[in-house]
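Novice: Sequence:
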Amino acid sequence: MMEYLPWVEDDEDEALAWIISKPAELEGDSYQIHEKSSIRAWWPDEVTFDLSPDYGVKVCDFIPTVLGLHIISEKLKKILESECGEGFDFYPVKIRNQKGRLVKKPYYLAHLRKIIAAMDWEQSDFDASSMSPDQALNIRKLVLDENKIPEGTKIFALHEQPDLWLVSYDLAVKIYRDEDCDGMAFIDIGDYWA
Numbered sequence: 462m463m464e465y466l467p468w469v470e471d472d473e474d475e476a477l478a479w480i481i482s483k484p485a486e487l488e489g490d491s492y493q494i495h496e497k498s499s500i501r502a503w504w505p506d507e508v509t510f511d512l513s514p515d516y517g518v519k520v521c522d523f524i525p526t527v528l529g530l531h532i533i534s535e536k537l538k539k540i541l542e543s544e545c546g547e548g549f550d551f552y553p554v555k556i557r558n559q560k561g562r563l564v565k566k567p568y569y570l571a572h573l574r575k576i577i578a579a580m581d582w583e584q585s586d587f588d589a590s591s592m593s594p595d596q597a598l599n600i601r602k603l604v605l606d607e608n609k610i611p612e613g614t615k616i617f618a619l620h621e622q623p624d625l626w627l628v629s630y631d632l633a634v635k636i637y638r639d640e641d642c643d644g645m646a647f648i649d650i651g652d653y654w655a
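Residue numbers (the numbering used here): 462 to 655.
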């Protein structure tokens with residue numbers, strides 16, 4: 462069985478820049494970012510995210526957000542494309558720093574369309590959503606039913622909590638250690654809670 466690690470924001474490095482507000486261009490249809498279908502039809506021609514003045518200034522390969530979005534650098538985009546192939550769409554975004562200037566490096570919203578209902582509902586500890594009974598809120602203990610994960614899967618979004626990406630151990634090592642990408646952390650599934 463393959464080991465999967467939750468991809469979370471690096472919340473220990475105080476130097477990191479964070480995004481805490483959604484651009485006006487994404488109001489309305491942005492819930493579709495966490496669904497399997499393409500968002501290309503409604504994706505705006507230009508989307509600019511502002512870095513929060515309440516956090517650091519270091520812009521990383523993965524920009525932490527409180528929005529459940531995955532904003533990534535060109536470097537990280539290339540890794541995901543080469544390692545994961547299909548299952549991703551990438552949409553160019555602009556990043557405006559705390560001084561009101563656009564960051565020169567290209568960034569993308571990564572839309573992971575490989576969504577798998579893999580949470581073990583019996584062994585996990587969570588609150589079920591009253592609005593969407595197949596969604597989990599306040600996960601205190603996450604256990605996966607690995608029989609539901611197709612063999613060879615390197616990365617997927619958890620259906621029960623679609624903003625949570627689960628990454629194979631090997632891919633996490635490639636991203637974090639081998640390629641030295643920053644801004645994210647890959648944690649033991651036993652340490653995950655949301």
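Just so you know, not all the hints are guaranteed correct.
Computed cross-link-like contacts, BS3-like style, restricted to lysine-lysine with a CA-CA straight-line distance of at most 25 Å [said to hold, decoys possible]:
#1 Lys602 / Lys538
#2 Lys615 / Lys483
#3 Lys635 / Lys566
#4 Lys497 / Lys519
#5 Lys555 / Lys519
#6 Lys602 / Lys615
#7 Lys519 / Lys635
#8 Lys635 / Lys615
#9 Lys615 / Lys519
#10 Lys536 / Lys635
#11 Lys609 / Lys555
The set of hints was computed from the structure by calculation and includes no laboratory data.
Novice: Taken at face value, is the distance from the CA of Lys635 to the CA of Lys519 at most 25 Å?
Specialist: holds (22 Å)
Novice: Are Lys615 and Lys483 close enough, with their CA atoms no more than 25 Å apart?
Specialist: violated (29 Å)
Novice: Under the criterion that the straight-line Cα-Cα distance not exceed 25 Å, is the pair Lys536, Lys635 satisfied?
Specialist: holds (12 Å)
Novice: Given the hint that Lys635 pairs with Lys615, does the C-alpha gap stay at or below 25 Å?
Specialist: holds (11 Å)
Novice: Hinted pair, alpha-carbon criterion (25 Å max): Lys609, Lys555. Please report holds or violated.
Specialist: Not satisfied, since the Cα-Cα distance of roughly 37 Å exceeds 25 Å.
Novice: Check whether the Cα positions of Lys497 and Lys519 lie no farther apart than 25 Å.
Specialist: violated (31 Å)
Novice: For a C-alpha distance cap of 25 Å, please report whether Lys602 and Lys538 respect it.
Specialist: violated (30 Å)
Novice: What's the verdict on Lys555 and Lys519, does the C-alpha distance respect the 25 Å limit or exceed it?
Specialist: Cα-Cα ~16 Å, so holds.
Novice: Could you grab the alpha-carbon distance between Lys635 and Lys566 and see if it respects the 25 Å cut-off?
Specialist: Holds, at roughly 22 Å.
Novice: Is it true that the CA of Lys602 sits at most 25 Å from the CA of Lys615?
Specialist: holds (22 Å)
Novice: Is the straight-line distance between the alpha-carbon of Lys615 and that of Lys519 25 Å or less?
Specialist: violated (28 Å)
Violated hints, listed in ascending order, are 1, 2, 4, 9 and 11; each of the other numbered hints is respected by the structure.
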